[in-house]
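Asks: Letter by letter, the chains look like this.
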Amino acid sequence: MKPAPFAYHRPSTVAEAAQLLAATQGKILAGGQSLIPIMSMRLASPAALVDLNHVPGLAAIDVTSTAVHIGALTRHAALEANDAAYLANPLLRRALRHVAHATIRNRGTTVGSIVHADPAAEMPAVLRLLGGIVEAVSSERGHRSIDSADFFVGPLESALQPDEVAVAATFPHPPGGSGSSWAEISRRHGDYGLVGVGSLVVLDEGRRITSASVCLISVGGTPVLVDVTDASSGTTYDAVDWTAALELVDAAIDPESDIHATAAYRRQLARVLTGRALAQATADAIARVAA
Amino acid sequence: MTTASDPASAEALHDVTLTVNGVFQQLRVPARRLLSDALRHDLRLTGTHVGCEHGVCGACTVLIEGRPTRSCLVFAVSADGASITTVEGCLEPDGTLGDVQQAFQDCHALQCGFCTPGFITTITAYLEDHPNPTEDEAREAIGGNLCRCTGYQNIVAAVVRAAEIRRERTAT
Numbered sequence: 054m055k056p057a058p059f060a061y062h063r064p065s066t067v068a069e070a071a072q073l074l075a076a077t078q079g080k081i082l083a084g085g086q087s088l089i090p091i092m093s094m095r096l097a098s099p100a101a102l103v104d105l106n107h108v109p110g111l112a113a114i115d116v117t118s119t120a121v122h123i124g125a126l127t128r129h130a131a132l133e134a135n136d137a138a139y140l141a142n143p144l145l146r147r148a149l150r151h152v153a154h155a156t157i158r159n160r161g162t163t164v165g166s167i168v169h170a171d172p173a174a175e176m177p178a179v180l181r182l183l184g185g186i187v188e189a190v191s192s193e194r195g196h197r198s199i200d201s202a203d204f205f206v207g208p209l210e211s212a213l214q215p216d217e218v219a220v221a222a223t224f225p226h227p228p229g230g231s232g233s234s235w236a237e238i239s240r241r242h243g244d245y246g247l248v249g250v251g252s253l254v255v256l257d258e259g260r261r262i263t264s265a266s267v268c269l270i271s272v273g274g275t276p277v278l279v280d281v282t283d284a285s286s287g288t289t290y291d292a293v294d295w296t297a298a299l300e301l302v303d304a305a306i307d308p309e310s311d312i313h314a315t316a317a318y319r320r321q322l323a324r325v326l327t328g329r330a331l332a333q334a335t336a337d338a339i340a341r342v343a344a
Numbered sequence: 004m005t006t007a008s009d010p011a012s013a014e015a016l017h018d019v020t021l022t023v024n025g026v027f028q029q030l031r032v033p034a035r036r037l038l039s040d041a042l043r044h045d046l047r048l049t050g051t052h053v054g055c056e057h058g059v060c061g062a063c064t065v066l067i068e069g070r071p072t073r074s075c076l077v078f079a080v081s082a083d084g085a086s087i088t089t090v091e092g093c094l095e096p097d098g099t100l101g102d103v104q105q106a107f108q109d110c111h112a113l114q115c116g117f118c119t120p121g122f123i124t125t126i127t128a129y130l131e132d133h134p135n136p137t138e139d140e141a142r143e144a145i146g147g148n149l150c151r152c153t154g155y156q157n158i159v160a161a162v163v164r165a166a167e168i169r170r171e172r173t174a175t
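Top to bottom, those sequences are chains A and B. Each position in the first sequence, counted from 1, maps to that position plus 53 in this note's numbering. Each position in the second sequence, counted from 1, maps to that position plus 3 in this note's numbering.
Be aware that one or more of the hints could be misleading.
Said to hold, decoys possible - Facing chain A, from chain B, some residues (calculated, C-beta under 8 Å): (1) 15; (2) 33; (3) 34; (4) 35; (5) 61; (6) 71; (7) 77; (8) 80; (9) 81; (10) 173; (11) 174.
In case anyone wonders, no lab produced these hints; they're calculated from the structure. A quick note: this is a predicted structure, and the numbers were derived from the prediction, not measured. Glycine residues also receive a C-beta, built at the ideal position from the N, C-alpha and C atoms.
Turn these sequences into a full structure, and let the hints steer you where they fit.
Replies: The structure is reproduced here in structure tokens:
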């Protein structure tokens, strides 16, 4: 249960980190809450680690008029506690409360969780649901922005290239008149979700639904985004019937069986949690309009 | 930063400075040395216990800059310069039992004691932000720590009792 030896590098700038990553073909260490157990169990033995923890300026949380921007060292706990981010986009805090335990959130980073691309992780799904962006830097090709629609390639696999450092992520604010929610079932609170569902519902001034979408975790190799607008569009919030939306979700997911739950049980959870998440997001939209 | 190599393995060694329980410490460790092992093996602070060693059980929880963190999920070299509190630092300044330790004794909140250091550090930090927890909040606060003896009832009671003791001690 000890990691294999590796060369340790401690850059003090992003440019230096990108150079070291390319030169060593190593891995980036930020929070390490997924990487270190993987190394301890010898599931991975990178030859080198490039430690971002001593690069200044990467832990910022900037809430602008359009988005919440975070850096590669923004810890889950810091983003969860940030009131400006919560006011602009409550879904961030709602989902972060399901990310592991508080102790893990004190060290783990949100960008790191996104880059790790675990199909059971909450924040990749939140980024996908909101149409967010990952900012990456390579020493050879410079900076690029990667849309969340292109970012998640497969289980534990992102579009990030081996020589790219993910330096930031952007979560666009949900549109006006919208509400959001996160619903999840796990064996114990803080464990990986058997299924989790993030939802975003947008109402117009007549309180009719103009758009609705959900993003599910643990039911496929990547976060599964399903636009259910057609199943509900034009209906007022109190007359909506989500049955058709549940069918769309059921057709989009491909859950697997494991020690924690059968595929059939996950499929059942996906339906139930999707219904709950959409109802909660709709209620949230009404509450926010009224406030 | 790299200052030497281990003559037996040729593995590079790094100089690390930590402030542990208020005491300045210097150590020379390979990069792969977990903070939990650095505390136990290099600094001989064996109060921090190592259970699962992959972040699940919570026994190795220490405070880094006051925040509960799994010491088995941090490399010592990466914590260079940090201020760390272990269970040995959760005493009163005069060396008597700290408020959380006293509450564990009062409530019989430990049996074998293996998980206790992780609970003590976690609860010590929790009470800083939540001075008056309800029983439900206390249960939530210890959700990241496993105990195989007690069934948790007495630990939940000890969280509430520790808050009481802290208020009493602050008032006097």
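Asks: All hints, please: hold or fail.
Replies: Tested hints:
{"no.": "1", "hint": "15", "result": "7 Å, holds"}
{"no.": "2", "hint": "33", "result": "7 Å, holds"}
{"no.": "3", "hint": "34", "result": "3 Å, holds"}
{"no.": "4", "hint": "35", "result": "4 Å, holds"}
{"no.": "5", "hint": "61", "result": "7 Å, holds"}
{"no.": "6", "hint": "71", "result": "5 Å, holds"}
{"no.": "7", "hint": "77", "result": "7 Å, holds"}
{"no.": "8", "hint": "80", "result": "6 Å, holds"}
{"no.": "9", "hint": "81", "result": "5 Å, holds"}
{"no.": "10", "hint": "173", "result": "24 Å, violated"}
{"no.": "11", "hint": "174", "result": "28 Å, violated"}
The structure fails hints 10 and 11 (numbered hints given earlier, in ascending order).
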